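For the sequence shown, position 178 (counting from the first letter as 1) is numbered 207 according to the numbering used here, and the numbering increases by one without interruption.
Please keep in mind that the hints were generated in silico from the structure rather than gathered at the bench. Any given hint might turn out to be false.
In silico lysine to aspartate or glutamate, EDC-like type, Cα no more than 16 Å apart, as pairs [said to hold, decoys possible]:
1) Lys-234 with Glu-349
2) Lys-166 with Asp-85
3) Lys-234 with Asp-85
4) Lys-214 with Asp-85
5) Lys-166 with Glu-352
6) Lys-166 with Glu-304
Note that this is a predicted model, so its numbers are computed, not measured.
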Amino acid sequence: MPHWRFFLYFCTMKIKQFVKDWTLPVAIATGIIVYFLFYLVPQLDAAGDTLGRIVDAIFPMMVFSTLFSTYCRIDFHQMRPHRWHVGILVVQLLLVALNIWIIFQVEADPEQKLLWESVLTCVIGPCATAAPVVTAKIGGNINTMTAYVVMSAFASALMIPVAFPLLERGVSTGFWPVFFVILQKLALVLVLPLVLGWLVQHYAKRLCAWIVSIPDLSFYLWSAQLAVTSGVTVRNIVHSDVALRTLLMIAVMSLILCFVLFLIGRSIGRHLNDEIDGGQASFQKNTALSIWVAYTYLNPVASVGAGCYVLWQNIVNSLELYEYRKRHA
């Protein structure tokens, strides 16, 4: 083989290995770079506007597809509740209630209200669909984590329609109409994939086998979703008229929250003999869904909290994956 071909092959393999090892940071960087490419190049303005509308339309579909691919793989017979499932869900419910109470106390201050609404979008979100894959990659139990993803999706599908209408007290249509509108749309994104996954497993076995045969499909779908999420977050920051101080406070609060949820989950899991799963279940959030519901039903700037949370949680995930590969090399 000529030297230049060998060099090209060597570089290609190194790049592939780097992308495989650092998929999550690469996805974040890709989303940010693509957004700024369209934002800074005047000739791409029209294409950027069209792409923005397409992204807004496919955002919930990306969440749906990632969940669906996950549910096609799970063994529904092994989906049994564990004690740590209950512990994590109870803590999430208490944090959501505390967060809503704080928002009520500070609602006269728009800056403080926005700050705590951004925290709420992170806390109330369901567990990430790729959490079972990441958990398996660092030595956790993929079956119990997948069961928790299902429970978490149902919990968030109920909590979000209850919480968001309460926060928007000025909505003229009242609580229940808004509740049912949000519940219906969340059910299509969070619950319908579960139903279709079960149907495909039982009545479309060839399709199910094909989906299952693709290694880490949920992980890479989530990575693509992560790239879009990063771009949307940067867009919301660039186009917001909120003070820089407020945006920095949101970023810092989401960082603190990430570590608090991680430590709480690890502590609950340690006491119930499932430390890795507990930590991942508590802090690894479906931020794409959180961003979507925030800018659709709450406040577009509040979605910045979940967008920053994407960065922090995936830094933690990448470090966990690196440490696990290092220990087992």
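To see whether the hints hold, each was checked on the structure:
1. Lys-234 with Glu-349: violated (35 Å)
2. Lys-166 with Asp-85: Violated - the C-alpha atoms of Asp-85 and Lys-166 are around 31 Å apart, more than 16 Å.
3. Lys-234 with Asp-85: violated (32 Å)
4. Lys-214 with Asp-85: holds (14 Å)
5. Lys-166 with Glu-352: Between Lys-166 and Glu-352 the Cα gap is close to 11 Å, so the pair holds against 16 Å.
6. Lys-166 with Glu-304: Roughly 15 Å separates the two Cα atoms, so the pair holds.
When the structure is compared with the earlier hints, violations turn up for hints 1, 2, 3 and for no others.
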